[in-house]
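Enquirer: We have chain A already, so just place chain B on it with the hints.
What follows is each chain in one-letter form.
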Amino acid sequence: MSLYGVPLSDSRGQRVLHPTRAQYVATVKALLDDTFVMCIDLTAVDFLTHPGRELPEGIAAERFEVVVNLLSLERRERIRVRVQVPESDATLPTLFDMYPGSEAMEREVYDMFGIAFGNHPDLTRILMPEDWDGHPLRKDYDQGRIPVQFSADFPAREG
Amino acid sequence: MTDIVSTIRDGNEPAQGLKPRSELTARELLREVGAVLRMSEAEAAKLGDLPVDPSEDQTMIINMGPQHPSTHGVLRLMLELQGETVLRCKPIIGYLHTGMEKTGENLTYMQGGTNVTRMDYLSPLNNELVFSMATEKLLGIDGDIPERAVWMRMLLSELNRMSSHLLFMATNGMDLGAVSMMIYGWREREDVLRFFQKVTGLRMNHNFIRPGGVAADLPEGWRDDVLHLLDSIPPRLEEYDILMTGQPIWRDRLQGVGVITQAEAMALGATGPILRSTGVEWDLRRDQPYLHYDEVEFDVIVGSYGDAFDRYAIRLNEIRESIKIVRQILDRIPSGDYRIQNKKITPPPRARIDESMEALIHHFKIFTEGFKVPEGEVYVAIESPRGEIGCYIASDGSATPYRLHVRAPSFVNIQCLPHMMRGGLVADAVAVISSVDPVLGEVDR
Chain A
1 MSLYGVPLSD SRGQRVLHPT RAQYVATVKA LLDDTFVMCI DLTAVDFLTH PGRELPEGIA
61 AERFEVVVNL LSLERRERIR VRVQVPESDA TLPTLFDMYP GSEAMEREVY DMFGIAFGNH
121 PDLTRILMPE DWDGHPLRKD YDQGRIPVQF SADFPAREG
Chain B
1 MTDIVSTIRD GNEPAQGLKP RSELTARELL REVGAVLRMS EAEAAKLGDL PVDPSEDQTM
61 IINMGPQHPS THGVLRLMLE LQGETVLRCK PIIGYLHTGM EKTGENLTYM QGGTNVTRMD
121 YLSPLNNELV FSMATEKLLG IDGDIPERAV WMRMLLSELN RMSSHLLFMA TNGMDLGAVS
181 MMIYGWRERE DVLRFFQKVT GLRMNHNFIR PGGVAADLPE GWRDDVLHLL DSIPPRLEEY
241 DILMTGQPIW RDRLQGVGVI TQAEAMALGA TGPILRSTGV EWDLRRDQPY LHYDEVEFDV
301 IVGSYGDAFD RYAIRLNEIR ESIKIVRQIL DRIPSGDYRI QNKKITPPPR ARIDESMEAL
361 IHHFKIFTEG FKVPEGEVYV AIESPRGEIG CYIASDGSAT PYRLHVRAPS FVNIQCLPHM
421 MRGGLVADAV AVISSVDPVL GEVDR
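Protein chains in written order, with full-length UniProt numbering: chain A, 1 to 159; chain B, 1 to 445.
These are computed hints drawn from the structure, not numbers from a lab.
Covered stretches of chain B, going by a simulated chain A footprint (3 or more residues, C-beta under 8 Å): (1) 95 to 105; (2) 268 to 282.
A short, non-exhaustive set of chain A residues, derived as facing chain B with CB atoms under 7 Å: (3) Arg12; (4) Met38; (5) Thr43; (6) Val45; (7) His50; (8) Pro100; (9) Gly101; (10) Thr124; (11) Glu130; (12) Pro136; (13) Leu137.
Owing to the predicted nature of the structure, the values given are computational and were not obtained by experimental measurement. Backbone N, C-alpha and C define an ideal beta-carbon position, used for all residues, glycine too.
Next comes chain A alone, as it looks inside the complex:
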């Protein structure tokens, strides 16, 4: 199965498109023209500890996967776009020009996973403080690794 030349799969009855990074923007544009006027959700998954997942033929699994949920009000349909993003070059073009609402969601993905969105108008951290190190939702960022304040070995803040 494919749509716009992009492999289409079925996940528990939900339609999922798997474009490559090069096809990503063109695929989303085609969907926008095909009544999918709302970008409901944009998030990512870090598959560091679970590399062997099911993907359609011809799609190589990478560490990160950006997941975009689109909605067509007219046809009352949803479609999901999953695009693989390699760790070595964790970048993806922004959807801001098509869906202005994706701005904050892309910032969240950048903040939490360190995936940079090219040509994004304001790519800054959104949930974590500006001076934060690391990206918390990455799988190699352990829970509880933040030093506890008020303990003896807590490093003093500079300045």
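Expert: Here is chain B on its own, set in the frame of chain A:
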């Protein structure tokens, strides 16, 4: 790739705050006006938002919040003002970020409800519902939930919509100076919460709707309690109409304030009362029905101007629609099981534990190890009082979600603030924030 990406590569992350407009380029300005439909940079520059002479520009940037009483929690807005007019605004969030999505990866599906219920703390049952529905879809048991459980879920979710909107009535009144409204709204909401306490044991953060059904059956006498609610709330809504809807001061404060157009709302991904206030008839309960919403009759309330008054009126009338739905639920709710009888996910009944060693072990294992959920990924969305709440779960076949993401309606809706506030007055900013009805626990997660 582009400048911003290489800047970040070099370890120089840009600051979050709002820069004065004299330091902006048209592209950066696009972030705020972007929803004015796919504007080009040249068009954005023509808007007249950029000063003619940047060096002479005299605007002031002030912080509103995060400790401002009308920001509903810890929302910080940076406002660029010229006199009393808001030129630009940027919401700065994250003050309540506690890494709930990360925590969710370490809790079993059984425990997950305790985590998600704390995100939107004003409609906890809707959060639990969407999480449970996503888990059930992954398990492949979404069609096998007993009828009584499904109707109970609808009952609770509608009552929750009422309590959430009643709280909105209270805070919206408070923000605009209608202090008696605040007391009234809290009072009515408390009646609903008292019923929740009877059913679930807690006023908030219930963890009552769980994968496979609900935690317990309805207590004795619940029908009388619900009927009492349904009889006592409508006359009070009439009082609200007298107190606020028809009142000239109230109308003057809200009408024409915080206007957002249909195209803007859709482009920004806004859902719920904000989208409906612009005249878009979109309610997941009707348009993509879940539970048994296709079997009950109710109206989808829409506005026509997209202003703060429309959003107020929509919420007020949605309470009435919820009452209509609850009445139908009372007629239709069947007796029977309140959770699925599937040994893999349902713990044995309490009485069995006393007499059977196996039941005790089984119970222990379900609560300590949890149940395994097949590999896959799924996105489920329902209509919460604030809009579309969605749950995306990627499972690796273990007993905890590999990735749990909640699409929070407030997080997206709050991005409409800059558009609603453009060109308005500082005093109206309070009315605009209030009309979006954000819950910061959900925004920051």
